[in-house]
Amino acid sequence: MAHRMTGQNAPSQSQIAARARAQEDVVAHGLIIRHTAGVRLSHWLLAIFFFLSALTGFVIYTPYFAGLAGIFGGGAMTRFLHPWFSLGFVISASFLFRAWFKRMKRESGDDEWRRNVGAYLRYETELQEVGKYNAGQKLFFWSVVLGAAAMLVSGIVMWFPTSFHWILRMIAYWLHEVTFIAFVVGVIYHIYMSTAAMPGTLGAMTRGTVTKAWARWHHPRWYREVTGEEK
Amino acid sequence: MPSNMEIRRISASASPATGVRSAPAVAKLIDTTTCIDCKACEVACQEWNDLLGEETAETAPVSFAEIAEFGAYQTQPDLTANFWNLIRFNEHVERRPDGTERFHWLMAKDQCMHCEDPGCLRACPSPGAIVQYANGVVDFQQEHCIGCEYCGAGCPFDIPRLNAKTKKVYKCTLCSDRLSYGLEPACIKACPTGCLQFGAKENLVQIAGRRVQQLKESGFEKAAVYDPPGVGGTGVIYVLALGDQPELYGLPKDPRIPWTVTIWRSVFKPLGSIAMVAALFGALFHYIRYGRNEVPGASETGEKEA
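Residue numbers (this note's numbering), protein chains in the order written: chain A, 228 to 458; chain B, 27 to 332.
I should point out that these hints are in silico values taken from the structure, not numbers from a laboratory.
Only a predicted model underlies this, so the values are computations on that prediction, with no experimental measurement involved.
All C-beta atoms in this analysis are idealised placements derived from N, C-alpha and C, irrespective of residue type, glycine included.
Please note: incorrect hints may appear among the correct ones.
[What the hints assert, rightly or not] Cut-off 20 Å, straight-line C-alpha distance, at most; resulting in silico cross-link-like pairs (EDC-like, lysine to aspartate or glutamate):
id, chain 1, residue 1, chain 2, residue 2
1, B, LYS242, B, GLU320
2, B, LYS279, B, GLU117
3, B, LYS193, B, GLU228
4, A, LYS359, B, GLU320
5, A, LYS458, A, GLU334
6, A, LYS439, B, GLU320
[Stated by the list, open to error] Derived list of chain A stretches under chain B, where covered just means 3 residues or more per stretch with a C-beta under 8 Å from a C-beta of chain B:
id, stretch
7, 294 to 307
8, 361 to 371
[Stated by the list, open to error] To list a few chain A residues with every Cβ distance to chain B over 12 Å, as calculated:
id, residue
9, GLN242
10, ASP252
11, ARG330
12, MET331
13, GLY336
14, ASP337
15, GLU339
16, GLU351
17, GLU353
18, VAL412
19, GLU452
20, GLU456
So that you can see chain B by itself, here it is in the shape it has in the complex:
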């Protein structure tokens, strides 16, 4: 196993993850301003992972309102267990401070964000079903998955999808199989405009920063890098022209692992375990201190004990 694929974090494990070697964090940079919505990355993802797309729900006759809702140029409404990489397409009219309007096609590739602090992994109850490699990639190990979908509750980006047939969850692997052979992810390989880049996160953050600077100089004052700190940063970072409103791209403004999940996984469980063990000891101590509540005279009268 190459050192970058050693397991740094593992779900629901009584013992620590096994990885000791460190590797630079990798990242995928999505420059939404140079995306032409060609869907090459979607096709490459389906091809490399040998995924057959599912027929989307028949909503015919599709009304214009429905088209407008999810975008006429979007491949399908949402991610599915067999479709891990979707270019979200949104139209937006920006009202500029000078009173003019600017029309935007906002294309943002939606897939697993490979959080530094993955909510899915924290929520997962099955040992080893979710792992994070030394390079930061978060991967599902379907052979250990029990299909409970807790990961979906912990994910701030609503990414994991259950396959109805296998009853396991699936998502973008960041092509961990390709990475282990030193190849870049399939979507990166297919991108014709260079809007997708892959490499050490440190380098990509700098490239993204330079691009944001460039955008600001060309009249996109709100341009920004999307690398949300609430989840410790992500392994997928974006350059957004309208960086102050990531929700226009379908990205949450300040994603965090929900505190309800943290309390459920990290507070209730230890407290509950203490309570259960304490109950056992309580019963034992009661027995030692007070013994049995004998029925008086039961032995003398010779009455049968039931």
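Chain A extracted, bound-state conformation:
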């Protein structure tokens, strides 16, 4: 209908852009689409539920954060909300897992990255074989998957503690504690690397796009795959 009225059969520039944004690994408007809108939404859903879970978790973790209970309606309400927030976290994590796990498999470029991890962190190296995700990102992905599973299993025990044997409860308390600490440490570096340390990265998760120069610099093999350019 719209076509007939405007007399245009070819899609407009904005329609091309809109379509491209629902895809990934394509060039649009001189930018490369790194993540589909669905992935981006899942990521921010995950981030929101992570922070809600972590903040309510901190209240129970240490009395130094007891004051945070106020923003959730008190200690008892915090304890009530925490497992539900965390369930949201696990569900949104499962969306991202479905979207990503195939791309998070071991690749030829991973060894190159792993050998040069020190130089990589000092920005001293240019690795030519890094694909869409480098070995560090894959490590983070699988850690989150494993961590979310550990949090879920131990969390269910802690949700209904007296339904489980005392030994299971103690294992759950330990597992939940250690995984929580690892999660917070991991997320601190995740946020640091994707914002302050690596300019141009955050846009991949907000608008979905990165510049060609960014892709060539951080993920050269992926850049070559997307653009078809040679080395």
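Keeping the supplied structure of chain A fixed, place chain B upon it in accordance with the hints.
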């Protein structure tokens, strides 16, 4: 507030407990050898605390095996959030060294032991939900309780019970409300045989010791006082005729705060906090030392930064 009810220890608190005045430790003495299992203390507890007992689970038709398991004369199988004081009833046949057998009815009042070093309080994550008064009484403050039941994991005696409706845990308060007015606990008041006594712990330990001596002289060689040192001693002490086997009475042999709880509460938390703060500083130092991983030529080529 009378000085004996000042708060000596408080759960999950960033600042120390407020109490400065000291008071003699109080205790309840349960002489199991003079208990006649009349349940007056159970009734007094329910009455004074205005607790309505819950209907116990229907297990009808109750088999003789089930009766034998928890004791035919026991009021209900276990403590509940509305039932803080239960006389446990066990039958036991003692095989004597001379080859004869002696039959025992072992009645032991089960309630919070008011440990000197309370595992519940150490495990509790909610500020002020569990306190210990200057006189040693351990009390739950339900308005601060979040219902996580960590206290149950820390308790070597399996005492705290969650009320399903309020989602708070409850247990014997040692009638802290009565104590603050100089009255003795309700169960003590109701006991007709003098098997229950209340007073300064120092005095009661002596009375218990004398009673044990008496029992030994009358043929109960293994009689002993139960005041387990693993939890720093308790505010409820027992005289047991079969003192070498407290587990026959439903009492743990050597109760301690589980080491798993101690590590969880006292080792993981400080180490974890250090790790998290260190991670923040690590990121900051990395930024200061190495700065940003700029994409080369991004500014010159005029490419838009995403």
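Comparing the hints with the structure gives:
About 85 Å separates the Cα atoms of LYS242 of chain B and GLU320 of chain B, which puts this hinted pair outside 20 Å; it is violated. Of the pairs offered as hints, the one joining LYS279 of chain B and GLU117 of chain B holds, with about 18 Å between alpha carbons and a cut-off of 20 Å not exceeded. Distance hint between LYS193 of chain B and GLU228 of chain B is unfulfilled; the C-alpha atoms sit about 37 Å from each other, more than 20 Å. In summary, the hint linking LYS359 of chain A to GLU320 of chain B is supported, as the alpha carbons are separated by about 18 Å, within the 20 Å threshold.
About 18 Å separates the Cα atoms of LYS458 of chain A and GLU334 of chain A, which keeps this hinted pair within 20 Å; it holds. With a CA separation close to 13 Å, the supplied pair LYS439 of chain A and GLU320 of chain B stays within the 20 Å bound. With 5 residues having a beta carbon nearer than 8 Å to a beta carbon of chain B, the stretch 294 to 307 of chain A meets the requirement of three or more and the stated coverage holds. Only residues whose beta carbon comes within less than 8 Å of a beta carbon in chain B count, and the stretch 361 to 371 of chain A has 0; fewer than three means the coverage is violated.
Its beta-carbon lying about 21 Å from the closest one in chain B, GLN242 of chain A satisfies the requirement of being farther than 12 Å from that chain. Its beta-carbon lying about 15 Å from the closest one in chain B, ASP252 of chain A satisfies the requirement of being farther than 12 Å from that chain. Under the 12 Å C-beta cut-off, the non-interface status given to ARG330 of chain A relative to chain B holds; the minimum distance is some 20 Å. The claim that MET331 of chain A is not at the interface with chain B holds, since no C-beta of that chain comes within 12 Å of its own (minimum 22 Å).
Look at GLY336 of chain A: its CB is around 18 Å from the nearest CB on chain B, clear of 12 Å, so calling it non-interface holds up. No beta-carbon of chain B is positioned within 12 Å of the beta-carbon of ASP337 of chain A; the least distance is around 19 Å. For GLU339 of chain A, the requirement that its beta carbon stay farther than 12 Å from each beta carbon of chain B is met, with the minimum near 17 Å. A beta-carbon of chain B is positioned within 12 Å of the beta-carbon of GLU351 of chain A; the least distance is around 9 Å.
Separation of GLU353 of chain A from chain B is inadequate, the least Cβ-Cβ distance of about 9 Å not exceeding the 12 Å criterion. Look at VAL412 of chain A: its CB is around 4 Å from the nearest CB on chain B, not clear of 12 Å, so calling it non-interface is violated. Separation of GLU452 of chain A from chain B is adequate, the least Cβ-Cβ distance of about 18 Å exceeding the 12 Å criterion. Non-interface status of GLU456 of chain A relative to chain B is upheld: no Cβ of that chain comes within 12 Å, the nearest being about 15 Å off.
The structure shown violates the earlier hints numbered 1, 3, 8, 16, 17, 18.
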